[in-house]
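Participant: Sequence:
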Amino acid sequence: MLLIFRSLLTRFCGFWLLALLLAGSAQAQTPAWQAALSTSQSTNGSAWVNSSAADASGNVYLAGEFNGTLTLGTTTLTSPGYSSTNPGAVSMFLAKWSPSANRFLWAIRGGGPGFANAGRLAVNGTSLYVAGTFVGPNASFGAVTLTNSTSTPALFLLKLTDTGTGAAAVWGQTMLTNVNNVAYADLAVEGNAVYLSGNFSGSVLTIGTYTMPNQGAINSYDGFIAKFTDAGATGSFTWAQQLGGPDEQEAGFLAVSGTSVYMAGAFRPASLQVGATVLTNASLSGSDVYVAKLTDAGASSSFVWALRAGGTGYEHVDGLKASGSGIYLLGGYDSPTAGFGTINLARTATDGGRNMYLTKLADAGPTGAYVWALPAGGTTSVQSRRLAVQGSSVYVAGIYANATTPSFGSITLQPSPGNAPNQFVTKILDGGSSGGFQWAYAGTQGNIEPRALTPVGATVFTSGVFGTDAANPTARFDNITLTAAATARPTAFLAALRDPMPSAVRQAAQPSLTLHPNPAHGTSRFAVAPEAAHRTLQVLDGTGRELRRQAVLPHATMAVVDLRGLAPGLYLVRCGTALGRLEVQ
Numbered sequence: 001m002l003l004i005f006r007s008l009l010t011r012f013c014g015f016w017l018l019a020l021l022l023a024g025s026a027q028a029q030t031p032a033w034q035a036a037l038s039t040s041q042s043t044n045g046s047a048w049v050n051s052s053a054a055d056a057s058g059n060v061y062l063a064g065e066f067n068g069t070l071t072l073g074t075t076t077l078t079s080p081g082y083s084s085t086n087p088g089a090v091s092m093f094l095a096k097w098s099p100s101a102n103r104f105l106w107a108i109r110g111g112g113p114g115f116a117n118a119g120r121l122a123v124n125g126t127s128l129y130v131a132g133t134f135v136g137p138n139a140s141f142g143a144v145t146l147t148n149s150t151s152t153p154a155l156f157l158l159k160l161t162d163t164g165t166g167a168a169a170v171w172g173q174t175m176l177t178n179v180n181n182v183a184y185a186d187l188a189v190e191g192n193a194v195y196l197s198g199n200f201s202g203s204v205l206t207i208g209t210y211t212m213p214n215q216g217a218i219n220s221y222d223g224f225i226a227k228f229t230d231a232g233a234t235g236s237f238t239w240a241q242q243l244g245g246p247d248e249q250e251a252g253f254l255a256v257s258g259t260s261v262y263m264a265g266a267f268r269p270a271s272l273q274v275g276a277t278v279l280t281n282a283s284l285s286g287s288d289v290y291v292a293k294l295t296d297a298g299a300s301s302s303f304v305w306a307l308r309a310g311g312t313g314y315e316h317v318d319g320l321k322a323s324g325s326g327i328y329l330l331g332g333y334d335s336p337t338a339g340f341g342t343i344n345l346a347r348t349a350t351d352g353g354r355n356m357y358l359t360k361l362a363d364a365g366p367t368g369a370y371v372w373a374l375p376a377g378g379t380t381s382v383q384s385r386r387l388a389v390q391g392s393s394v395y396v397a398g399i400y401a402n403a404t405t406p407s408f409g410s411i412t413l414q415p416s417p418g419n420a421p422n423q424f425v426t427k428i429l430d431g432g433s434s435g436g437f438q439w440a441y442a443g444t445q446g447n448i449e450p451r452a453l454t455p456v457g458a459t460v461f462t463s464g465v466f467g468t469d470a471a472n473p474t475a476r477f478d479n480i481t482l483t484a485a486a487t488a489r490p491t492a493f494l495a496a497l498r499d500p501m502p503s504a505v506r507q508a509a510q511p512s513l514t515l516h517p518n519p520a521h522g523t524s525r526f527a528v529a530p531e532a533a534h535r536t537l538q539v540l541d542g543t544g545r546e547l548r549r550q551a552v553l554p555h556a557t558m559a560v561v562d563l564r565g566l567a568p569g570l571y572l573v574r575c576g577t578a579l580g581r582l583e584v585q
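Quick note, the sequence shown lines up with residues 1 to 585 if you use my numbering.
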């Protein structure tokens, strides 16, 4: 493995904690790539990272796929059955990276002699959840073997437990169609509830003994969301909801906050039915996007509201995240004007591509509304890829064409040398009723495709693939250069970008929550205005990393912060857009 890791998150923790203690304003600085590594693999093999997530200790998990052999740290994984005459023998992999130890702690593979990938990953304590697809009669993941009775790809959900030195599979579920295809879209976890969205074609989708008929043509796609309940050693299907109508719709992305589950995607050509709500496309020749809310009642669920956005052209969704009652939607648009409620964004790209949009919605319980929307790209088209939220910081990773200068608010990026698309990362600060770009940075060169984005305190990790074409065998992150395993062989990477100004520190200068007692140990409490919807209470360290998450019940007037297990020190408590400082003794 090629490892180049120069500065780690711990280098900055002392500085940001000092800023928290002084409650002063931070001076904006320029982001910089601090580290980058690429995987070591066989010369005829390939590797991709498709998803990433972090645990409460700041470790980063990577999920993806590979063929041939793949070396992660001291572990070498082999995809069985792979050869030059059988390139479709692809296995999934899951690995744990420790920034503090500067190494992979473990790596495992799964699958069968055919194709298997890990497309989405979620982490909850030591429980790891993976969604992906496999082709063939069976796929093995340690002690768990899943079967596929069809000749089409099967969608799977797998739970594993992090044992410290590896990951052990605990249970798995499969979803099948009678013909054609079923594919994952997104994965979200809240407590013991695991939500999976996907899309299927064919006449029926089967989840255990539950069946869902396709409401359109047999070769058209229907979107769905399914809930599984994790009982520890076993997992079971609980309920499913389907996007309705004869037209084609996609279940793209998921986000969850308490019992509120949000779903976003695109639909065309005419309309989409979400529960009792029918959304109408602005044009029969294009696609619009939707955001919908469900309430999880435990054994059942119901749609509460749904909103559309877009114009007469094509719009799509690249990400959806929730933080408290705020929902963030990311994607692209090529309509002359794309509407988000009463907010209109004009298309300014003149190169034939799409502008990027990021919009925030507010959930008021029975209704939702667009709060603000930002365009990006300027006269240059940009392609967003991934979205992440940490406190009031919203991060986006994507790509833009070489020799172009995209703009993000008042920030303009320089063209990339060479002939390959360039990776960018940008940070948007949510001020409540408005949002603004805080910084945007590239500093990269090469055909780099970011497929995963995970912020951990003051460090933003991107991961994905590079080296897919012969003209660009290297990837550069500032002064760090990675080389692909072989000519035109996809090679996985992990890179770390320093955020010079974590939002938790910036907002700590004017706390708006008053906690009692403070200092405290065990518990502390604060008054809240009663609201109809669930809210999320978060405890953050000085870098903005989430250490604790609790639900604040509807109509509550007091919130209690559980401090058990937290080391003595200074912390931030966040509820909605309000922040307060708390000392734990």
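A hint or two may mislead.
Claimed, not checked - Taking CB as the label site, the calculated pair distances span:
id: 1; residue 1: 32; residue 2: 379; range: 56 to 62 angstroms
id: 2; residue 1: 530; residue 2: 343; range: 25 to 31 angstroms
id: 3; residue 1: 43; residue 2: 299; range: 50 to 56 angstroms
id: 4; residue 1: 415; residue 2: 312; range: 38 to 44 angstroms
id: 5; residue 1: 215; residue 2: 192; range: 45 to 51 angstroms
id: 6; residue 1: 565; residue 2: 215; range: 43 to 49 angstroms
For the record, the hints were derived by calculation from the structure and aren't laboratory data.
Idealized CB from N, CA, C, for every residue including glycine.
Participant: Look at each hint and say if it fits the structure.
Facilitator: Hints, one by one, checked against the model:
1. 32 / 379: 56 to 62 angstroms: Since the Cβ atoms of residue 32 and residue 379 sit about 27 angstroms apart, the hinted range of 56 to 62 angstroms is violated.
2. 530 / 343: 25 to 31 angstroms: Hint holds: Cβ distance 29 angstroms, inside 25 to 31 angstroms.
3. 43 / 299: 50 to 56 angstroms: Hint holds: Cβ distance 52 angstroms, inside 50 to 56 angstroms.
4. 415 / 312: 38 to 44 angstroms: 31 angstroms, violated
5. 215 / 192: 45 to 51 angstroms: Because 30 angstroms falls outside the window, the suggested range is violated.
6. 565 / 215: 43 to 49 angstroms: 48 angstroms, holds
Taken one by one, the earlier hints fail for this structure at numbers 1, 4, 5, listed in ascending order.
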